[in-house]
Each structure stands twice: as structure tokens, then as C-alpha cells.
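Starting from the structure of chain A, add chain B where the hints point.
2 protein chains.
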Amino acid sequence: MTKRISSEEIMSSDSFYRRNLINCLSGYKSLNLIGTQDSAGITNLALFSQVFHIGANPPMVGILFRPNTVIRHTLDNIMETGFFTMNHVTSEFYKEAHWTSARWEESEFEATGIAPEFLDGFKAPFVRDSPVRLACSLLETQTLKVNQTILLIGSIDSIYIDERGLRADGSLDLGSLGTVTVAGLDDYFVGKRLGRLSYAKSDKMPEEI
Amino acid sequence: MTKRISSEEIMSSDSFYRRNLINCLSGYKSLNLIGTQDSAGITNLALFSQVFHIGANPPMVGILFRPNTVIRHTLDNIMETGFFTMNHVTSEFYKEAHWTSARWEESEFEATGIAPEFLDGFKAPFVRDSPVRLACSLLETQTLKVNQTILLIGSIDSIYIDERGLRADGSLDLGSLGTVTVAGLDDYFVGKRLGRLSYAKSDKMPEEI
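Chains as they are written, first to last, in the UniProt record's numbering: chain A, 1 to 209; chain B, 1 to 209.
The reader is advised that the hints may include incorrect statements.
What the hints assert, rightly or not - In silico SDA-like cross-links for lysine to any residue, where the CA-CA straight-line distance does not exceed 20 angstroms: (1) Lys123(A) <-> Gly175(A); (2) Lys204(A) <-> Lys201(B); (3) Lys204(A) <-> Ser91(B); (4) Lys201(A) <-> Glu106(B); (5) Lys192(B) <-> Gly178(B); (6) Lys204(B) <-> Arg196(A); (7) Lys95(B) <-> Ala102(A); (8) Lys145(A) <-> Val146(B); (9) Lys123(B) <-> Phe83(B); (10) Lys192(B) <-> Ser91(B); (11) Lys95(A) <-> Ala115(A); (12) Lys204(B) <-> Lys3(A); (13) Lys192(A) <-> Lys204(A); (14) Lys95(A) <-> Glu106(A); (15) Lys145(A) <-> Glu140(B); (16) Lys123(B) <-> Arg4(A); (17) Lys3(A) <-> Ala168(B); (18) Lys192(B) <-> Gly175(A); (19) Lys123(B) <-> Lys201(B); (20) Lys145(A) <-> Gly82(B); (21) Lys201(A) <-> Trp104(B); (22) Lys192(A) <-> Arg164(A); (23) Lys3(A) <-> Thr90(B); (24) Lys95(A) <-> Leu194(B); (25) Lys3(A) <-> Gly165(B); (26) Lys95(A) <-> Ala111(A); (27) Lys192(B) <-> Asp173(B); (28) Lys192(A) <-> Asp173(B); (29) Lys192(B) <-> Asp186(A); (30) Lys3(B) <-> Ser158(A); (31) Lys123(A) <-> Glu140(A); (32) Lys201(B) <-> Ser101(A); (33) Lys204(B) <-> Ser101(A); (34) Lys201(B) <-> Ile209(A).
The set of hints was computed from the structure by calculation and includes no laboratory data.
The shape of chain A in the complex, shown without the other chains:
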């Protein structure tokens, strides 16, 4: 049976229900731990599901930051230093990744036991055990007029990939890399492959490649 929920019902539902529902509506989401440090070198690690690529030439990523979050160390650190890392989560440490969203006095690396790693002099910490890691620099921020959400755009300066997941055509095999995805705020999954499909042409149905 299909249930219809109107905008009036959405708005009159309690905030917990509404938040759960709205966060699930787009489907599975990209999940990344974002690593930063402040100018004194204190590290921070935070889990984000509102991350997306903005372009390939030059390579850029976008991250959305909610306006009314009380503690925004990640955004503050990026604005202060200009640098951040993005790190895929695997099933080996997805519980620790979720745990980074608790309120911590100390660095989330120490608190949760996720091991940091510094690479090639880059001024933000990576997650040592992540199979896909990006070194990124702040390009610009824009505030969305509709609700003061902040869209941060970064350039991708270097990529560190576990070689077993990098195919000859440049694509990543997220299945073999063990990348985790999230539904809503707290429901974690790995991928079970249906198929990789051929480039879509009108003369025949796409096939598995």
C-alpha cells in the first residue's frame, strides 16, 4: 500500500519524525569522515553524508553545513586553515565513525580510537585505515538563501587509493574497497552489486559489462 504524506503533515509531525523521514528521502548517501585541524594543530574528525562531486575539470567536491549546528569545528577549521581531508568509511570502523558525532572534549581521533595519519606534509589529518582518501583545499563558500545552509566547495589536490579498488578505466570498485553508505541518520550498509552497465544508447538496452 502507498501512503501519501502531505507537506502539511510533514510540517505538523514532530521534529524527530520529520528529521528521520527527510534525511532518508534521497536514498543511500555518500558517507565520508572529514579530517581537519585548527591553527594550533588540534585535530578533528566528523562524519558527513551531505558530500557530492561538483565537477571533474578541475576536480571539486561540495559539502553542506547546517546553519544552526552549535558546534561546527569542521567548518571553523576549514575556514581557519583552508584544508581538509575526506575519507571513506569501511565496515571495520563504521561504529567508531558514527561515534565521532558524540560531543567530545578531546579530538575524535583519540576519543574513538580511529587512527590518524599525516601524508606528504598536508595540513590536515587522514584516516589511516580508509581505502579512499582525498586531500582538499577550500575554494569558496556560498550561503543558500532558502535556509542559510552553507555550501562549501573544495578542490581535490591529491587522492590516495587502495590499489585493489582502482580499475584501469579510473573507476573505483566500491564493493571490493568495502566502502560504507548510510540511509538517514544512523542506518549503515555496504553495497551488494546488481551490475555495471554499458554506456546507454538508444538502439539497445544497456547490458552488464
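Frame of chain A; chain B shown alone:
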């Protein structure tokens, strides 16, 4: 072994390799068919993986449109009518969904065999067999200065959900709904659940709920 790819190597790689790689970097992506029609009532259906929620109060979604796409019926139709639908893809029709991205003269509904459905007088077509469907209205567009990508923001006016996937707390069970996710441009997956985790608190590790 970890492979490092520098920004110089990214930029000097061929465009096919670069496009594959950059499209995979954020991880699994939200996958939705967007249904629109023009003012003459000609329908269009297009597959998007750059869709995300922007806020829950009021509920809003964002979609990114690349600036240099030659044919942009979806964006043109939304600008013309103000309306669009978002529809989750399932394993039952993911090949047809991929096929919508071929160049078609006729409507992608007719061409691929995906059945449209009109609901409650809304002026855009839904995908009949999709378990999660949103009726959305255009709120605004912004052009990103960095590369002229267009960010379209829509309000969610009503939601149609297959009831078996709607939990009492408002969250969706994307596993039982059969929602599909995509890696890169062409690699399709369903979710295999790791666990749903308790709200993160600093005094103890999150547990499965």
C-alpha cells in the same frame, strides 16, 4: 598498496579516466529518476545521482546540473513549469533507469518502458513502480561561480511511500524498499545492512538498535 594520484596527474589524465575517477570519489550516491513535463504535456524522465537533502524544516532537496550538457530537458522543464518528481530506483527497473540517459527523440517513459503515473493532479509524472516518490516545486536556482554548475533547490510538497518501508519513527528501511544506489556513472548496487546504530553519546560506543 596505496596509490597516490596528484592533482597534476588527475588533470593530465584523459577525460574518460578522470570522469570515471572523480565520479566515484564521494562513495555511493543517492540515485533518483526525475520526472518532468513541458508546458505542452510532453513528459521526460532522467536519472540523477547529484541529489541531496538541504533541510528538514521546511523539507527541501537540491539537484546539481552540469553547465555544459547539451540537452537539459529536465532543467528546462522545471524552469518552465515549476514542478518535478523524484523517484527511487529499484533492482526491478535499474537497467531501464540507466537507459533513460541515452538520446531519445520521444519521452523516456515510452522509450524505456518505465510506466508513468499521475497523482492528485500534480503537474509532473511519477514513476509508477517506485517505492519512494516525491512531488517537488522549484524554489530557486543558484549558479556556482567555480564552474557554472547550477544548483536547483526544490521544496518537497508531498511524499508517496510504500508503507512496508516506513518505520514508526519516520525513517525508511531502504533495504526492504529495494532502493538502488550508484557508484560512479554506471555501477549499481542495493544495500546490505551492517547495522542501525544508537544515537552517539560520549559515554559508550554506539550499539545496534
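We went through each hint and held it up to the structure:
With a CA separation close to 30 angstroms, the supplied pair Lys123(A) and Gly175(A) exceeds the 20 angstroms bound. Our distance criterion of 20 angstroms between C-alpha atoms is broken by Lys204(A) and Lys201(B), whose separation comes to about 52 angstroms. Restraint check: the Cα-Cα separation between Lys204(A) and Ser91(B) comes to about 19 angstroms, which is no more than 20 angstroms; the hinted pair holds. Proposed proximity of Lys201(A) and Glu106(B) is supported: the alpha carbons are some 14 angstroms apart, at most 20 angstroms.
About 10 angstroms separates the Cα atoms of Lys192(B) and Gly178(B), which keeps this hinted pair within 20 angstroms; it holds. For the hint linking Lys204(B) to Arg196(A), the alpha-carbon distance of about 40 angstroms lies beyond 20 angstroms, and the restraint is violated. Proximity of Lys95(B) to Ala102(A) is assessed by CA-CA distance (about 40 angstroms); at most 20 angstroms being required, the pair is judged violated. With a CA separation close to 18 angstroms, the supplied pair Lys145(A) and Val146(B) stays within the 20 angstroms bound.
Of the pairs offered as hints, the one joining Lys123(B) and Phe83(B) holds, with about 6 angstroms between alpha carbons and a cut-off of 20 angstroms not exceeded. Distance check on the hinted pair: Lys192(B) and Ser91(B) sit about 13 angstroms apart at the alpha-carbon level, within 20 angstroms; holds. The suggested pairing of Lys95(A) with Ala115(A) holds, with an alpha-carbon distance near 14 angstroms, which does not exceed 20 angstroms. Between Lys204(B) and Lys3(A) the CA atoms are separated by roughly 37 angstroms; this puts the pair beyond 20 angstroms, and the hint is violated.
The straight-line distance between the Cα atoms of Lys192(A) and Lys204(A) is roughly 26 angstroms, outside the 20 angstroms bound, and the hint therefore fails. For the hint pairing Lys95(A) with Glu106(A), the CA-to-CA distance comes to about 18 angstroms; that is within 20 angstroms, so the pair holds. Under the criterion of a C-alpha separation no larger than 20 angstroms, the hint pairing Lys145(A) with Glu140(B) is consistent with the structure, at around 9 angstroms. For the hint pairing Lys123(B) with Arg4(A), the CA-to-CA distance comes to about 17 angstroms; that is within 20 angstroms, so the pair holds.
Pair hint Lys3(A) plus Ala168(B) holds up; C-alpha atoms about 13 angstroms apart against a cutoff of 20 angstroms. Note on Lys192(B) and Gly175(A): the hinted pairing holds, with a Cα-Cα distance of about 11 angstroms set against a maximum of 20 angstroms. Of the supplied pair hints, the one linking Lys123(B) and Lys201(B) is violated, its CA atoms being roughly 45 angstroms apart against a limit of 20 angstroms. A threshold of 20 angstroms between alpha carbons decides the hint, and for Lys145(A) with Gly82(B) the separation of about 18 angstroms falls inside it, so the pair holds.
Taking the CA atoms of Lys201(A) and Trp104(B), the gap is about 9 angstroms. The hint holds against a cut of 20 angstroms. Distance hint between Lys192(A) and Arg164(A) is fulfilled; the C-alpha atoms sit about 18 angstroms from each other, no more than 20 angstroms. Restraint check: the Cα-Cα separation between Lys3(A) and Thr90(B) comes to about 18 angstroms, which is no more than 20 angstroms; the hinted pair holds. Of the pairs offered as hints, the one joining Lys95(A) and Leu194(B) holds, with about 10 angstroms between alpha carbons and a cut-off of 20 angstroms not exceeded.
Among the hinted pairs, Lys3(A) with Gly165(B) is consistent with the structure: their alpha-carbon atoms are about 10 angstroms apart, no more than 20 angstroms. For the hint pairing Lys95(A) with Ala111(A), the CA-to-CA distance comes to about 13 angstroms; that is within 20 angstroms, so the pair holds. The hinted pair formed by Lys192(B) and Asp173(B) meets the criterion: a straight-line CA distance of about 12 angstroms does not exceed 20 angstroms. A hinted pair counts as satisfied when its Cα atoms are at most 20 angstroms apart, and Lys192(A) with Asp173(B) qualifies at roughly 16 angstroms.
As the CA atoms of Lys192(B) and Asp186(A) are separated by approximately 14 angstroms, the hinted pair is consistent with the 20 angstroms bound. With a C-alpha separation of about 10 angstroms, the suggested pair Lys3(B) and Ser158(A) falls inside the 20 angstroms cut-off, and the hint holds. Of the pairs offered as hints, the one joining Lys123(A) and Glu140(A) holds, with about 18 angstroms between alpha carbons and a cut-off of 20 angstroms not exceeded. The hinted pair formed by Lys201(B) and Ser101(A) meets the criterion: a straight-line CA distance of about 8 angstroms does not exceed 20 angstroms.
Taking the CA atoms of Lys204(B) and Ser101(A), the gap is about 12 angstroms. The hint holds against a cut of 20 angstroms. This hinted pair does not check out: Lys201(B) and Ile209(A) have alpha carbons roughly 44 angstroms apart, beyond 20 angstroms.
Hint check: violations occur at hints 1, 2, 6, 7, 12, 13, 19 and 34; the rest are consistent with the structure.
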